[in-house]
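Chemist: Each chain, letter by letter, is given below.
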Amino acid sequence: MATNNDNKKAIYSIFWIWLVITIVGVLISIKAPAWLMPTSASSTMHLVIETIVVFSVAAAPVAALVYAVALYALVKWRWRGEGVPPDGPNLRNNSTLTAVWIVSSTMLTIFLLIWGLAALAVDEGGGNGKNPMTVDVTGQQWAWSFTYPGTHVASNELYLPVNDKITFNVTSKDVVHGFWIVQMGVKVNANPGVSTSVSVTPDKIGTYDIRCTEICGLYHAYMVTRVHVLSDAAFSKWLSSQPSRA
Amino acid sequence: MSRVRAMVIALVSIVSGGIVMALMGFGLASAAPHQTPQYAKDLGMTTVTVGGKSVSMKHVALTIGTYPDSMFGVHGAGGGPHPDWVSYSSSNLVVPAHSLVTMTINQYDSGGPLNNPFFANVFGTVGGTATIDGKVVTKVDPSAVGHTFTLRGIPQNTTPLFVSVPLPENFATDTPLTIGEGQYSKPVVVTFSFMTGSKGVYNWNCEFPCGGSRIGQFGEAMSTYGYMSGTLTVK
Amino acid sequence: MTTTLEHTPTKGAARGGGIMRRLNFLTGIIGGVLVAALFYVIARETLDQGSRTFVDTLTTLTGVGWVIGFWLGIGAFTGVGRWFIGKDQNHDDEMYLAGKDLGRARYWKYTTDHKVVGVQYVIVTMVLLAAGGILAMALRTELITPGAHFVNPQIYNAFISVHGMVMIVALIVAVAGPWANFVVPIMVGARDMAFPRLNALSLWTLVAAIPLLLGSLCIGGLSMGWVTQAPISEQAGPGMDLFALAIITFAVSTTVAGVNTICTVLTMRTKGMTLERLPIFVWSSIIAAGLGLYAFPFFLVVMALNIVDRTTGTSFFIASGGGTGWLQENLFWLMGHPEVYVILLPAVGALLEITTVFSRKPLFSYRTAVGGMAALAGLSVLVWAHHMFQTGWAPTLGGPFMLTTELISIPTGIVFLVILGTLWRGNIWMKLPMYWVFGFVFDFLIGGVTGIYLSDIPVDNQMHGTMFVVAHFHYVFVGSVLFGAIAALCFWFPKMTGRFLDEKLGKISFWLTFVGVQVTFLSMFVSGLRGMPRRYASYAIIFEHTNFISTIGAYIIMAGMLVLLAAIIQSWRSGEPSGPNPWSSKTLEWLVPTPVPLENFEVLPVITSDPYTYGEELVNS
Chain H
3 MATNNDNKKA IYSIFWIWLV ITIVGVLISI KAPAWLMPTS ASSTMHLVIE
53 TIVVFSVAAA PVAALVYAVA LYALVKWRWR GEGVPPDGPN LRNNSTLTAV
103 WIVSSTMLTI FLLIWGLAAL AVDEGGGNGK NPMTVDVTGQ QWAWSFTYPG
153 THVASNELYL PVNDKITFNV TSKDVVHGFW IVQMGVKVNA NPGVSTSVSV
203 TPDKIGTYDI RCTEICGLYH AYMVTRVHVL SDAAFSKWLS SQPSRA
Chain D
6 MSRVRAMVIA LVSIVSGGIV MALMGFGLAS AAPHQTPQYA KDLGMTTVTV
56 GGKSVSMKHV ALTIGTYPDS MFGVHGAGGG PHPDWVSYSS SNLVVPAHSL
106 VTMTINQYDS GGPLNNPFFA NVFGTVGGTA TIDGKVVTKV DPSAVGHTFT
156 LRGIPQNTTP LFVSVPLPEN FATDTPLTIG EGQYSKPVVV TFSFMTGSKG
206 VYNWNCEFPC GGSRIGQFGE AMSTYGYMSG TLTVK
Chain Z
17 MTTTLEHTPT KGAARGGGIM RRLNFLTGII GGVLVAALFY VIARETLDQG
67 SRTFVDTLTT LTGVGWVIGF WLGIGAFTGV GRWFIGKDQN HDDEMYLAGK
117 DLGRARYWKY TTDHKVVGVQ YVIVTMVLLA AGGILAMALR TELITPGAHF
167 VNPQIYNAFI SVHGMVMIVA LIVAVAGPWA NFVVPIMVGA RDMAFPRLNA
217 LSLWTLVAAI PLLLGSLCIG GLSMGWVTQA PISEQAGPGM DLFALAIITF
267 AVSTTVAGVN TICTVLTMRT KGMTLERLPI FVWSSIIAAG LGLYAFPFFL
317 VVMALNIVDR TTGTSFFIAS GGGTGWLQEN LFWLMGHPEV YVILLPAVGA
367 LLEITTVFSR KPLFSYRTAV GGMAALAGLS VLVWAHHMFQ TGWAPTLGGP
417 FMLTTELISI PTGIVFLVIL GTLWRGNIWM KLPMYWVFGF VFDFLIGGVT
467 GIYLSDIPVD NQMHGTMFVV AHFHYVFVGS VLFGAIAALC FWFPKMTGRF
517 LDEKLGKISF WLTFVGVQVT FLSMFVSGLR GMPRRYASYA IIFEHTNFIS
567 TIGAYIIMAG MLVLLAAIIQ SWRSGEPSGP NPWSSKTLEW LVPTPVPLEN
617 FEVLPVITSD PYTYGEELVN S
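Protein chains in written order, with the working numbering: chain H, 3 to 248; chain D, 6 to 240; chain Z, 17 to 637.
Keep in mind that a hint or two might mislead.
If you anchor each label on the Cβ, the simulated ranges turn out as follows [claimed, not checked]:
1) Thr169/H to Phe70/Z: 41 to 49 angstroms
2) Glu292/Z to Thr108/H: 20 to 28 angstroms
3) Phe113/H to Gly394/Z: 20 to 28 angstroms
Chain D is nowhere near these chain Z residues, computed Cβ spacing over 12 angstroms in every case [what the hints assert, rightly or not]:
4) Lys103
5) Gly180
6) Asp208
7) Val317
8) Asn346
9) Leu398
10) Ala410
Don't read these hints as lab results, they were simulated from the structure. Quantities reported herein were computed from a predicted structural model and do not represent experimental measurements. The beta-carbon is built from N, C-alpha and C at its ideal position, and this holds for glycine as well.
The following block holds chain H by itself, in its conformation from the complex (with noise of 0.2 angstroms):
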């Protein structure tokens, strides 16, 4: 039928374009995401980033799909005569097609699924950090303060030793704030009268930044101070060099 013969025309092009599309978009897919993204200083945020290559990498075929069909639509089968164009064929469905559709994304679902609940499971873990530590943060409007229990340390920028598993204790005194630490890829919020807590082990010594994300007021913005992560033998020198504030 000469329908059989339209449709396997337009397939065959349609899937040349989809394939260079789907190349474009892997390439973009692996390369872009580390190079957007802020250094990673934890495995979270190694697993985040690896986590949004995945998913772009599943995206990217699905993506050129659509688009694909739509240029090819717009490019082929354009009306470029006067007046209304004539009716096209009475296609009202394609059981078949429907079928695969609904199937291949239920199941491109389950595997992004079964990805992220692997990955948040990890996450939760806090990571693979030795000696584990708690440290207490306190958000306020609109300055963060960080305290050491045991300690008599209290500071306004977070210092913290390398590979070790710390846990935070947030709560605010206030409003809600949200406590993220960009390079490493945690976020909590500082909610008043409880406490929240998450965990992660920083791997990678260095400056990072301390964000708030939950709107808080006038100086939301400028809720943002430093985290230095230091070797373990720098942080025990920097723990007993500070006065005793707390």
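Following the hints, put chains D and Z in place on chain H, whose structure we already have.
Modeler: Just chains D and Z, lined up with the frame of chain H:
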């Protein structure tokens, strides 16, 4: 309609729309509350020890006050729209870059307990100390604080600065001083110095809950521009 | 050539109406101002002026007075009132209310004719989009480089909050307001909506809410985003009370409209119009309306609890009083997520309708399309906590909500299947509405895929609260819904006015807007990926390039919207005449004359097939 006519209409609509919006923007900018900047007073040069070495630096002084109401003059006749709100004397401070800034804050207001004893400590000043009515301290009693002066910026845009000095409660009950339209008691005088780095704009605010609302008293004066917060421009 | 706006002026010939003859928008405003002033004075005299909640209670009562006064002044409840006192409206009164022989005046009055309400909704949508757009320009201009420029952070925070809310309201009504009102009754073969007076009520209640919403900016604004999270919402000045009242008023408007739409479609279809022969736009309208009926009461409740906390000292949302902010967040997002599908579905329905007409092909897989939309609506009520992954509320529920959120991508994929299937081997007629359809396909894919990233908790831990989220939802709201709304306008403009929306100006507008959207929001994705949080009045230097580019893109979008406005004004007044069915469409609204007669049909049609019979002669020959 011809293509030319369409282009002309498009251009005219974009330009006129742009002009209308620009006018709105300028109107908005000029209607916003502006306080005249307060420049630091030049005190000449001084020598400071930085990291073990002696460095010669510009020395400037800045004097501001914290008031229990808004009647002292800056907010306009009758105390402005919120005469009963606590207020700093100025919200717009300017200091030079790479200099030693000595700040004197006259604290006229009463106080109470801090909601976070963290801010009873002195941070970021030269020597880590502040002088309160002549006495040199590194922290004050967290249950008797009037306000704080807490200065910070966006670390990546400016030399990171975090200066926080608690301003103790003023217990005096008589009000012999007349400033503007208000009556105030003898102030608690707090002096401290810090060093500025490169150019930038910093924000400072009070971290003592002295505003309105049920939540941590950070509403009203604390959340409205021009009262308990301001900018420090390092030029 | 007469348009729907140029009825023969026989004003004197209108009979009936009673008191409604004297009531209109102006009397509504006067009534609103008077009763607001009355409530203000009473409240000020009777309330304890020294109490902390005085200003909030005063503001709330004044706002309530405005709404009641506006309703009274425009005659919203005259019909009910007259029935109550035994002098029920007669046929002449109802014809008067429907705008018979009133000429242009009927657009300024409490008119029940669904076509008039549709036109009024077009104007209201444009006003809302203009207000939100001006605020957006202010925001983007402020963010052009780091540091404060022409607004301080307090004003900036107020602007983002009101921009968000105004745009959300605008998009909720953008397609459903004008077109579910103007087109759906004709599409199902009815003479008007099921409840014509409620139809006018829903429009005028929306109009009453607008001054409350914009007024909140004038009395100190609010600093907590459109989400008005507790407890910071309790800290805000009186602007928050007006804002909450505006939402409550809006929820009333939208509930009334939703009930009306559903009842009309379920009970007033003409003979032969079975549910399987309904145009897809009708399905999308009732599914969206039903979802809205579920979701908006949550909005009303959360705002009411906010007001009660602020004015009477309860502690629903205050931890120190025994409440919790998490209650507010849950209630809000129970509304907030279904609401975005209430926004999306009518736009998708309109775009599908347009795609069939301009591909000259039946809708691909009609049942799957309807089922997909229903699944989308159904699943959307199960995903709300994906906005709350980092709140610490229920860490163990992270997995289940991740599951439901990822599942939503399946019905979303069905939307693409149906559009592409409809385009397949059609004769694509590239008139103005079709440009927006292709723009939608491009943008909605990006918006949808980035949503999938956010559904994954580890990625969301990084991206929540950053500009990545902002770019994601702007791709969906601006790139998809707004494109759908504009496509619907271009498509039904000839039916509404008898003229074409100018193709050349429309195409200029399309290209400016489309390019502007990509420039603004792709750059915004990069801002977010690099770590810029949202709702920031100022930002670190590393974000300056991407923000600069986003601001330039925003100006390009503004240019596109201005050209569209020029196109609408020019075409409405002197555009090319179109005739009753310029697109040779098969849905019922195109088979009635233009301007559409007051009661739509001389003789109610009998339906023998769905409106997608393109190409059937070819099959049968």
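Chemist: Each hint: holds or not?
Modeler: Quick rundown of the hints versus the structure:
1. Between Thr169/H and Phe70/Z, the C-beta spacing of about 45 angstroms keeps the proposed range 41 to 49 angstroms intact.
2. A beta carbon spacing of about 26 angstroms between Glu292/Z and Thr108/H agrees with the range 20 to 28 angstroms that was offered as a hint.
3. At about 23 angstroms, the CB distance of Phe113/H to Gly394/Z agrees with the hint of 20 to 28 angstroms.
4. Every beta carbon of chain D lies more than 12 angstroms from that of Lys103/Z, the smallest distance being close to 49 angstroms; the non-interface claim holds.
5. Non-interface call for Gly180/Z relative to chain D: holds, since the shortest CB-CB distance, roughly 19 angstroms, exceeds 12 angstroms.
6. With a minimum CB-CB distance of about 36 angstroms to chain D, Asp208/Z clears the 12 angstroms threshold, and the non-interface call stands.
7. With a cut of 12 angstroms on Cβ distances, Val317/Z stays outside the contact zone with chain D, its closest approach being about 21 angstroms.
8. Here Asn346/Z stays apart from chain D, with its beta-carbon at least about 19 angstroms from theirs, past the 12 angstroms limit.
9. Listed as outside the interface, Leu398/Z is consistent with that label: its C-beta sits roughly 32 angstroms from the nearest C-beta of chain D, beyond the 12 angstroms cut-off.
10. Every beta carbon of chain D lies more than 12 angstroms from that of Ala410/Z, the smallest distance being close to 23 angstroms; the non-interface claim holds.
Going down the numbered hints, you'll see the structure goes against none, and every one checks out.
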